[in-house]
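Mapping of the sequence shown onto the working numbering: position 237 corresponds to residue 237, and the numbering continues sequentially without gaps.
These are calculated hints, taken from the structure and not from any lab test. Treat the hints with caution; some may be incorrect.
[As the list claims (entries may be wrong)] Using C-beta positions, here's what the derived DEER-type ranges look like:
(1) G104 with V198: 23 to 29 Å
(2) G183 with T78: 18 to 24 Å
(3) P177 with V198: 30 to 36 Å
(4) R98 with L166: 53 to 59 Å
Even for Gly, the Cβ is constructed at its ideal location relative to N, Cα and C.
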Amino acid sequence: MLWVLLLLVAWSAAAVSCIRLCLVTAGAAQRPAHSAPAPVAPELNLYETAFLAGGPHRVADLALVSMHLRRRLLLAHTGWATVVDPEGQDEVERTVIRAIGPEGQSRIAPIRAAAAAAEAVRSLADRLVAAGLAVPHGTRTSLESAVRAVRGSAVLVVVLAATAVLMPGQETGYAGPVVAWFGLPLVLTLGCLAIARVENHPYSPWASPSGQRWLDSLPAPVHGADRDLLAAVAVRGVGAVRDPALRAALLSGARTGG
Numbered sequence: 001m002l003w004v005l006l007l008l009v010a011w012s013a014a015a016v017s018c019i020r021l022c023l024v025t026a027g028a029a030q031r032p033a034h035s036a037p038a039p040v041a042p043e044l045n046l047y048e049t050a051f052l053a054g055g056p057h058r059v060a061d062l063a064l065v066s067m068h069l070r071r072r073l074l075l076a077h078t079g080w081a082t083v084v085d086p087e088g089q090d091e092v093e094r095t096v097i098r099a100i101g102p103e104g105q106s107r108i109a110p111i112r113a114a115a116a117a118a119e120a121v122r123s124l125a126d127r128l129v130a131a132g133l134a135v136p137h138g139t140r141t142s143l144e145s146a147v148r149a150v151r152g153s154a155v156l157v158v159v160l161a162a163t164a165v166l167m168p169g170q171e172t173g174y175a176g177p178v179v180a181w182f183g184l185p186l187v188l189t190l191g192c193l194a195i196a197r198v199e200n201h202p203y204s205p206w207a208s209p210s211g212q213r214w215l216d217s218l219p220a221p222v223h224g225a226d227r228d229l230l231a232a233v234a235v236r237g238v239g240a241v242r243d244p245a246l247r248a249a250l251l252s253g254a255r256t257g258g
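Generate coordinates for the entire structure from the input sequences, incorporating the hints supplied.
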């Protein structure tokens with residue numbers, strides 16, 4: 001009964017991947033003992049808030065919107081950025097200007113990618129990790145890898161089940177019990193993925209539990225002033241932008257820039 005061997009493979013893959021995801025998730029929820037106490041609210045600026053809420057690309061989006069509102073940069077709905085004032089007020093803005101290049105004009109997607117990968121953003125991330133507010137890069141990538149492994153196990157279970165059912169020379173009417181047995185590891189993997197999604201949504205994958213509590217404590221921004229719009233972009237992303245042309249420009253950069 002070859003299908004029993006296939007079932008054992010399916011169970012092994014499902015169990016190992018689900019246990020790994022549970023262990024990684026539990027480890028990510030624990031704050032390292034050596035982490036410094038979380039800073040009080042006034043010590044976090046909008047860039048730091050943006051990183052906790054959406055990661056490096058959210059920081060780049062915030063810089064682009066800020067420069068556009070202050071007429072230092074012109075963001076066109078076609079997905080192009082043009083430098084108006086080449087003097088950046090901070091290192092992230094200077095990174096944006098350098099990414100545009102000496103011609104003073106560039107597509108938004110590569111600007112966004114360059115700003116997100118800049119040393120200024122990496123330093124910001126390191127400060128937040130040291131403060132216990134951000135998830136270390138290794139932990140985050142381990143969690144993403146564990147989720148992918150569970151998804152792969154679910155696909156493997158389906159493939160093995162199909163193989164077991166379609167194998168020639170099997171007894172008539174055995175397909176039903178075989179599918180039922182393979183359904184158990186499939187339910188395990190899908191259930192594990194569902195629980196992981198419920199546990200993490202709508203939480204940011206970039207923020208630690210302390211960082212998430214900080215985000216949850218933020219008041220809802222009031223639409224009107226530029227500062228409120230920047231706060232909304234930091235927390236909610238490009239979707240908080242009401243100007244359709246500006247939103248189109250930023251979404252163009254997000255689609256092609258990752």
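Comparing the hints with the structure gives:
1. G104 with V198: 23 to 29 Å: 47 Å, violated
2. G183 with T78: 18 to 24 Å: 50 Å, violated
3. P177 with V198: 30 to 36 Å: 32 Å, holds
4. R98 with L166: 53 to 59 Å: 58 Å, holds
Taken one by one, the earlier hints fail for this structure at numbers 1 and 2, listed in ascending order.
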